[in-house]
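**Q** This is what each chain is made of:
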Amino acid sequence: MDTLGSRAVFVKLPQRPADNGLHRYAHYHIIQLAAMVMTEEQAKVKQQTKRILNRFGRKRGNLIPVLQKVQGKLGYLPREAMLEIAEFLDIPEIDVYSVVTFYNQFRLNPPGRHSIRVCLGTACHMKGGYITLDAWKRRLEIDRGQTTPDREFDLDTVACVGCCVMAPVTVVDNKPQGKVEPTKVDGILLSFKLEKERQGEESR
Amino acid sequence: MKTVSLTIDGEKVTARQGEKVLWAALDNGIYIPNLCALRDASEIPAACRLCFVEVEGKEQPVTACTETVEPGMVVNTRGPSALRLARTAFELLMSSHPVDCAHCPANGSCELQKIAHHLGTKLKTRRFRKLLRELPVDSSSPVFIYDPNKCVLCGRCIWICRERLGIGVLGFAHRGFERVVTTFADEPIAESGCRDCGECVVVCPTGALTFKEQ
Amino acid sequence: MKATGFQSVASTFREIKSRAESQWRGLRDGGKSVIMVGAATCGRAAGALEVLQAIKRELKKQKLDCPVVEVGCMGHCYAEPIVTISKPGYPPICYRHVNPVIAERLVREFILGDDPCLEFVLAALEENDLVPSFSDFPRAKFEKKVILKNCGHIDPEQIEHYIANGGYSALAKALQMQPEEIIDEVKRSGLRGRGGAGFPTGQKWEICRNALGKPKYVICNGDEGDPGAFMDRAILESDPHSVLEGMLIAGYAIGARYGYIYVRAEYPLAVRRARIALRQARKLNLLGRNILGSDFSFDIKLFQGSGAFVCGEETALIASLEGEPGIPCYRPPYPATNGLYGKPTVINNVKTLVSISHIVQNGAEWFASVGTERSKGTAVFALAGKVINTGLAEVPMGTTLRQVIFDVGSGIPGGKRFKAVQIGGPSGGCLPESALDLPIDFDSLTDAGAMMGSGGMIVLDEDDCMVEISRYFLEFTQRESCGKCTFCRLGTKQMLEVLAEITKGKGKIEDLDMLSQLAEDIKAGSLCGLGKTAPNPVLSTLRYFRDEYEAHIKEGRCPALMCQELIAYYIVPEKCERSCDACVGTCTVEAISSHPKKRYKIIDQEKCVKCGTCVTSCPPQYNAIVKLSPPGQVPASK
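As you go down the protein sequences, you meet chains W, P and H in turn.
Just so you know, the working numbering puts the end of the first sequence at 204, numbered straight through with nothing missing.
Just so you know, the working numbering puts the end of the second sequence at 214, numbered straight through with nothing missing.
Just so you know, the working numbering puts the end of the third sequence at 638, numbered straight through with nothing missing.
Everything labelled a hint here was simulated from the structure, so no lab data went into it.
Since this is a predicted model, take the numbers as computed values, not measurements.
No residue lacks a Cβ here, since even glycine has one placed at the ideal position from N, Cα and C.
Hints are supplied without guarantee of correctness; some may be wrong.
[Unchecked claim] Here are some, though not all, of the chain H residues that point toward chain W, as calculated from beta-carbon distances under 8 Å:
(1) Thr41
(2) Ala46
(3) Ser320
(4) Ala384
(5) Gly425
(6) Tyr600
Construct the entire structure; sequences and hints are all you get.
**A** Encoded structure:
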């Protein structure tokens, strides 16, 4: 084997610095960022995103794991985070947006303090999951995909959490709860209310 | 270059080996309705589902954009089951299209009109419910107007912006019925980094992207 | 590629195995009671973690030192939370519906005292003279556990438990075989993909092995998106190593270097347990470079799906691994030749992979001896809906639907009448009573208008509306459609609109013909499997339950009294006892009040949201609240 040739293959390419503007798609966000006075909040998001990105390689296949990690940290995917990710992976910004809007898991708005996910799997639906959803909507006065104005609750549906035998299921703060019918909806809300009152008293 | 001879609608034609039936037909002056097909694209979208043809020896109609030519192949672009599928697909597209040709700048040059004529169907469908999306029109660009309601999601504009021009401002976002051609965070086109070259308007088969009148 | 050093593989594995076995024996025969708590997601939703804490607390209080083990799901989900206690001198006994109070009693009275608390017993794991065992259950005659063998019996977070119960022996055996031999074995076994379509697994592997391109990949498809199916979740939570072992054998057979486990993010416990399993396997060199001292190197990464049903489709799954939206591509080329990053890739379902180690271990003939002519082995079903024994059932292919629902599942609760069984989720269909004697296999179900799918089985009774269920599935596929191709994006939307009108009593009779024509076109014209099968729920219900559609359209009546717009709740004055206020108190929208002059209750139809809470609250001896359809049947209040 030609040693010179094979060596050439293994020469390590220098890592491209993140902000040199040489990336194929990078120029737009640089223009945008320059034109924008960054708020403190935005700067913090940017910094937190960068810290997560440092743990990943710059390949496109990492996009979804990166988005999952960033959302895990920030609770949602702010605009600045998506721009940062696009730049890091050197892909058009719209590609990040395409992925974020395609998958159910990702959200563009901050979540509420408590997450309510009503399971709408077949078993849950047939056992009245839609009635449970109605009850949540009625009590929280929001539609699915929305957050209450006080940011206490966000309501959404989930395709199936695989607890079909406990139907109808609602996942409350990541814990699946079985047999959630309208009266249990009121019970769960009451327990949150009591807990909040107790915390209020303790802090007083 | 190796060539293959085949029969399309009773006509003997030759095509480059490995060519898709759609291009073989179009090159020989035989029209097959199509919207999403792009000759130079590396991947075949096969998304619009309009180019159904019947191939002798195959039970079901196939899409001409994905079917590779074979020596001695017999293709019928006007077979009843192929036309049935193409017509249904077209009617479905029209069911979510605001058929308002009189006020549309693309009137006369619109490929939807051409396809309707070819398939012998009306632009306004009776069979299906009207399902309009009522999305806002974007006229922020100094050069063109983008009306997503008239878009058939063929993806030609995305392809030209990205692969040909290396800009990559447009892309698909959301999914299902909500799928739409848009910019990052649904921003106005003028703020998205668009260079106003207007190439996307040139390739748009419908009135979704049209030049502003001078 | 050939794994050299067969001698060393065998001796290396023997060492690992003997260590695992001594650990397992230490647990089983340590002279102490062993407590196992079923803590898969279904158990946890029923309160297993609270039970676990109660047991630990009580053991400490009683100064008892007994191992407490978290195990997976035995499939008897109807009895969760389940606790199994193996006390020396007693058979291992499973207790059902355990709550913290019962758990404390079990510790005090059975482990400390000597009373096995028979009133809480579900069954014993072994035959004995004291309590009935699982083998005495009528369902035992029909079940055959192969894929679910370990589920609920070992700690999924301890690799030693798996190895001591025969795990990774098939890998050790496979590494001493030629890859072609393994492929041949799998081909002869007749194994077909358990993901739904039933493609022969051996053939897929052979194509991939012979394909050019490196590296090759093995992907485990754990994107169990079918609503109502949960066996892949149960397996990954209860026995994750069996999946890894199958992937390793697949990797060796096709000459792959890397693997991915694709698990839904909606299954956080499955994700966690798979991750632990990977770490443990790596530690024992069952994963990584030169596995067990052979030439074979293989590593597996975990990938969390982000919530898109369409990613169960092979090409969409690959797109999402590549960081793209999960949008299917036109096939061919198939992933076996052009898959992940354009390289040859085998994608197998969780259950397919678990079957592999059993085939390698016991031989193709053993596997092929179970099942029907064209579908070999066992089928795992997730039984849910209106059936008494909800949970997992594993039966030989060829078992009839009646046996699964009525013998394994013990039939319909509450003395209701069976109406239909929905098989295969959004790609499947609803089969009526007349199809119950159908032997289950890939082909018979397809012929009947359903589909094996991933194996979700939802039993429906007389209270379930068939129009509503097909509307539900169309809503699901419509919401989960990627939107790429016209038929699926707009066709399913059209169907959904029409079905929604019918369930509201606004349908027209000619809509039914339009529905079935459009359904046929969507089947023939869609790009991917999701679209091609999306109309199945509608076509099958139109085929078997057309009369229900007609009742909705012609009479504005929902025969099952389910469609909300077509029913009304009504309190029968004659039955309503006067001094009872149960319904008034429970009504969530304050729609029930006392009649101003008489003493019975009336429902304000304007306010009523039709949630049905009042029906459950009305004491059974009165049973005064009924559903009426069409709603116009409610008499004007006097």
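**Q** Determine for every hint whether it applies to the structure shown.
**A** Hint-by-hint comparison with the structure:
Of the supplied interface hints, the one on Thr41/H holds, with its beta-carbon coming within about 6 Å of a beta-carbon of chain W, less than 8 Å. The interface hint given for Ala46/H is met, as the beta carbon of that residue sits about 6 Å from the closest beta carbon of chain W, less than 8 Å. Using the Cβ-Cβ criterion of 8 Å, the hint placing Ser320/H at the interface with chain W is satisfied: the shortest such distance is roughly 6 Å. Interface hint at Ala384/H: satisfied, since its Cβ lies 4 Å from the closest Cβ of chain W, which is below the 8 Å cut-off.
This hint holds: Gly425/H has a C-beta 7 Å from the nearest C-beta of chain W, less than the 8 Å allowed. Checking Tyr600/H against chain W: minimum C-beta separation of about 23 Å lies over 8 Å; hint violated.
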